[in-house]
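**Student:** The chain contents come next:
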Amino acid sequence: MNLNLTLAARYLAGRKLRTFLTTLAIVFGVVILFGMNIILPSMMQALEANMKAAAGVVDFSVTSVSGEAFDPAVMARLDGIQEITAIAPAFVRTFNLGADFFDNDPATADRITAIQLVGMDPDAVQTLRAFPIASGRFLQTSDSDAAVISQSLADALRLTVGDTLTLPTVNGLTDLTIVGLLPPRTLPGNEEVFVTLGAAQAMGGQPGRITTIDLNVALDAGDQEGRDAVAAEIQSSLGSSYVIGALTSGADVFAALQMGQAILSMFGIMALFMGGFVIHNTFRTVLMERQHDIGMLRAVGASRRTILNLFITEGLVQGVLGTLVGLALGYLFGVGILKFAEGPISTFVNIRLDTPVVEPGIVLLSIFMGIGVTVVAGVLPAVRASRISPLDALRPTSAQADFERERGRGFWVGALLVALSLVMLFIGQDAMIAAGGFVFLIGLVFLAPAIVRPITDMFSVLLGRLYAREGTGEVARGNMLRQPARVAATASATMIGLAVIVAVGAVLTSMTGTMTNLLRKNLGSDYLMVPPSIGLWASNVGASEGLAEELAAIQGVGPVATTRFAGSASEGVAISLLGIDPAIYPQVSGMAFQEGDESAYDDLAAGRSMIVNGAFLLATGAELGDTLELATPDGVQSYRIAAVAADMLNPKVTTAFISQANMAADFGRAEDVLIQLNLEEGAEAESVDSQIRALMHDYPQFNTIAGRAYVEQMLELLNVAFSALYFLLAFLAVPSLIAMLNTLAISVIERTREIGMLRAVGATRRQVRRMVTAEALLLAGIGTGMGLLSGLYLGYSWVVAMEAFFPLEYSFPIAGLIAGLSTGLIFGALAGLIPARQAAKMDVVAALRYE
Amino acid sequence: MNTVETRELTKIYGSGDTAVTALDSISIHAAEGEFVAVMGPSGCGKSTLLHLLGGLDHPTRGKVIISGQDVAEMTDDALTELRRRQMGFVFQFFNLLPVLSAVENAALPIMLDGVKPDEAKAKATEWLTRFGLADRLVNRPDQLSGGQQQRVAVARALVSEPKLVLADEPTGNLDTRSGDEIAALLREVSQKYGRTVVMVSHDPRIAAYADRIIFLKDGKVIDETVLEQKNGKNAEMVAERMTKLAH
Chain A
1 MNLNLTLAAR YLAGRKLRTF LTTLAIVFGV VILFGMNIIL PSMMQALEAN MKAAAGVVDF
61 SVTSVSGEAF DPAVMARLDG IQEITAIAPA FVRTFNLGAD FFDNDPATAD RITAIQLVGM
121 DPDAVQTLRA FPIASGRFLQ TSDSDAAVIS QSLADALRLT VGDTLTLPTV NGLTDLTIVG
181 LLPPRTLPGN EEVFVTLGAA QAMGGQPGRI TTIDLNVALD AGDQEGRDAV AAEIQSSLGS
241 SYVIGALTSG ADVFAALQMG QAILSMFGIM ALFMGGFVIH NTFRTVLMER QHDIGMLRAV
301 GASRRTILNL FITEGLVQGV LGTLVGLALG YLFGVGILKF AEGPISTFVN IRLDTPVVEP
361 GIVLLSIFMG IGVTVVAGVL PAVRASRISP LDALRPTSAQ ADFERERGRG FWVGALLVAL
421 SLVMLFIGQD AMIAAGGFVF LIGLVFLAPA IVRPITDMFS VLLGRLYARE GTGEVARGNM
481 LRQPARVAAT ASATMIGLAV IVAVGAVLTS MTGTMTNLLR KNLGSDYLMV PPSIGLWASN
541 VGASEGLAEE LAAIQGVGPV ATTRFAGSAS EGVAISLLGI DPAIYPQVSG MAFQEGDESA
601 YDDLAAGRSM IVNGAFLLAT GAELGDTLEL ATPDGVQSYR IAAVAADMLN PKVTTAFISQ
661 ANMAADFGRA EDVLIQLNLE EGAEAESVDS QIRALMHDYP QFNTIAGRAY VEQMLELLNV
721 AFSALYFLLA FLAVPSLIAM LNTLAISVIE RTREIGMLRA VGATRRQVRR MVTAEALLLA
781 GIGTGMGLLS GLYLGYSWVV AMEAFFPLEY SFPIAGLIAG LSTGLIFGAL AGLIPARQAA
841 KMDVVAALRY E
Chain B
1001 MNTVETRELT KIYGSGDTAV TALDSISIHA AEGEFVAVMG PSGCGKSTLL HLLGGLDHPT
1061 RGKVIISGQD VAEMTDDALT ELRRRQMGFV FQFFNLLPVL SAVENAALPI MLDGVKPDEA
1121 KAKATEWLTR FGLADRLVNR PDQLSGGQQQ RVAVARALVS EPKLVLADEP TGNLDTRSGD
1181 EIAALLREVS QKYGRTVVMV SHDPRIAAYA DRIIFLKDGK VIDETVLEQK NGKNAEMVAE
1241 RMTKLAH
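For the record, the sequence lines run as chains A and B. Position 51, counted from 1, in the first sequence is what the numbering used here calls 51; the numbers after and before it change by one each time, with no gaps. If you count the second sequence from 1, you need to add 1000 to reach the numbering used here.
Hint data in this document are derived by calculation from the structure and do not stem from the laboratory. The structure presented is a predicted model; accordingly, all values stated were derived computationally and were not measured. No residue lacks a Cβ here, since even glycine has one placed at the ideal position from N, Cα and C. Take the hints with a grain of salt, since some may be wrong.
Said to hold, decoys possible - Computed spacing ranges between beta-carbons, pair by pair:
id	chain 1	residue 1	chain 2	residue 2	range
1	A	R305	B	V1020	30 to 36 Å
2	B	Q1191	A	R305	34 to 40 Å
3	A	A13	B	H1202	35 to 41 Å
4	B	G1014	A	L380	25 to 31 Å
5	B	A1019	A	L17	46 to 52 Å
6	A	V376	B	G1114	26 to 32 Å
Modelling step: build the complete structure from the supplied sequences, incorporating the hints.
**Tutor:** Have a look at this one:
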């Protein structure tokens, strides 16, 4: 074996615990980075499969840019195109059914939680594609309540030809008779229910509209050039309001998932960053431990390059090992989470997860980051190692390496960065403040060696009191000051871990406060009728206006506010439009206004105005007062931004509120997807309740809840989610524990002789143990102090940055501070345990002989 | 021919008021196959001299000439190569790599020089066998006695067939018997294998194994004596001389 590899392997094997802990830090980072990035792409792939399965059977599918239904007359525009051999209109909608629609049993989730309703012209569609009926017959133009489904859907629902399939529609429950069965579905995506065009339009509440034009052309499948030419011709005939290709619906889900992925990747990279600190720290220590060995190697003829390679090889071995193990564990982690989350995910966002997706890019990124971080972290100590003079081999061990030079340079860089971050804070621009948080953190890392002394002094006063009679606190303090750079590196790792805890604490505290208020305002109505998929409105089946009218007619029911949905787009950005009645909505619900105020509701009623959320501004780059062109099924319409406000249900989705009148006129939608109502004062609660529930019985797509209970339930959920976040965060503190353990273990090894001397001159085991523990607490104290400080800044900057999405009011994170402080100190004490025992157990004679 | 020689070699540590002259215009030499011991009290500059001879440190003035080349004028890489191919070192604290076996430690310099591991180990085995360690080849340093460790270190110093072996207090960390063994071994290195050995020691009994002793005091050569290796009374003679020179 190569000499470098031999030495690296032997050295690593010689310190198994340390190698394990250091490598663990890398493993941890890679697991998070890689594992998390399996989960979301898997969900995205499932979603994409859903969408692709809908297309692809025919040569071309035409939909509206807005994703909405349009007038079939549009088909006439294609008349002149010679190559088109067959053409058929279709009305396609995803019907989200909720978890318990078919079995009515909340205990077990249904296998079928959504279906794709496909309405078509039976004659026209059969010129386009074949429907190999397995039993029964295909649809006929004269059918009104007939359906054709696949054998697999029939099996899942235990139905056969002649049976009745009941589906919720905008007009309440509709019974369909199954007239024919197709072979089992093999493609991913939702099961389809084929009905006649008229039936589908009625069930979707959009009579006379279609969502898709399917067509085939007289070209060979391989003739890409010809296809492109036809596509261009179709496009120019239709105009820019239509697109050829997959349905645009689902774009909002993509955006939400992508954002989640970005956040989780940040988390993983942060963990790796800390892993880098741990490794860097370990290498510095290794360097000190092996000064003699290195000097000797240089004396017997090893060149500088050899020494450099030796260290880098050792880093590489750990990086490769850690990354490989991390990839393996990350895969298991991702698959495990997917398995675990399969049920809830398929009910909530209505996508079925098939196989975990491993993107080559993320594998490469994980490998690059995992190994890269190790090598980068090892390079500086390696370079320093290569500079060790052979003379060092001949000198007795000097525990004190010369790190002073570094302090000077780093101090100024750090001071500059911190100053810069403060300037950024005062400039007050959102993006500046957000970036400032990180600049501050990095600045502190550089400053760390210089602030070790003051913080040590501060904490040692406390420790001095604790250990007053033994003088061990004083020794511990001395030991810290002797190695400011290494202490700083460890403290920095602790700092980053804790800063994140405190910062997230600040965000969470601020969010809880703001959200509680908004929840009460936005969803605090007496009754709420919610669809299965909140926020992802396109796949929900709502109700026609009749339902709201009937609800309003019940004695004792006050104002009924409904929300409607239509898809749209502006300059390529998918937009979720919500239609409200500007007069009633504020009485029952409400939003938190960031720019503009409630007078904007009047603007909505008066003309084409909209109230948009923060995500909308971010995605489109528009500002208050701007006028934007929104894609409608019949061309574009201009809407002016009257206010910026957030509601509870759509914070992450690019959303604009418009009036229901405009929505009906421009987008042809009048389907209520969310209903909120208040009771009149003095209404007989019980009788009203039973009447409401009786009415809602025919609309099982809605979950009818007494609003106040819902708010409480949401708040509880919120709290659970926050606790889970804190738990995850504590995980992020693990690498800093490793770093501390390392530094302490090493300082014990390094001072073996000194500890032997202390014992020889009369220090008891207990005193030695206490000395090392005091050192651990000091170290933790320094890291914690820095962590809390930077966490406060970081938290503030995050809150400010998040205000772009969501109106947040900064609250001081007392819970976060307490969590950070206790994590830091508990970890400190834990990290001291092993080295303290080791030091105390040391044999005096052997220790004195150690060189 | 001289394997190594110095001309007016001077080493000053620090500057101004705090300057300490460790070596003061020293001109010495060691011929091929000669075993030279450098003696003197602590702080006389003997270790500094050895470091300069080995190219581990740079002189303030003067020259160190090894095989006709001035060490002071060589680059770090050239010096490294010189050490690897033409010099062997024996240290007081053995300085074996704790993670390598005896034979791997002994083979280290030529492995660093790119010799194939098998070949390098075969060569190291030869030397270790000559030094009576045939049955300890695969043991790690912590499984060897001090004397055995130092013999591995001597084998390591010789494995690259260097012309010059530099030994810095090679017996300083050993008991009397092991010390004698190592001193005899170094003598064998010069007599039997024809290497030039320069050894620093403060122990008269050990220095007495050399062909010639150079006495240093306050950075200057104050005496030199050639020994007859026959009567066995050398140790007493050297000790007497040391005592006299110290005053």
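**Student:** Now tell me if each hint is right for this structure.
**Tutor:** Checked hints:
Distance hint check for R305 of chain A and V1020 of chain B: the Cβ-Cβ separation is about 34 Å, which falls inside the suggested range of 30 to 36 Å. Judged by the Cβ atoms, the range 34 to 40 Å given for Q1191 of chain B and R305 of chain A holds: they are separated by roughly 37 Å. Under the hint 35 to 41 Å, the C-beta atoms of A13 of chain A and H1202 of chain B, about 39 Å apart, fit the expected range. Separated by about 29 Å at the C-beta atoms, G1014 of chain B and L380 of chain A satisfy the suggested range of 25 to 31 Å.
Distance hint check for A1019 of chain B and L17 of chain A: the Cβ-Cβ separation is about 47 Å, which falls inside the suggested range of 46 to 52 Å. Hint check: V376 of chain A to G1114 of chain B, Cβ distance near 29 Å, so the stated range 26 to 32 Å holds.
Going through the hint list in order, the structure satisfies each hint without exception.
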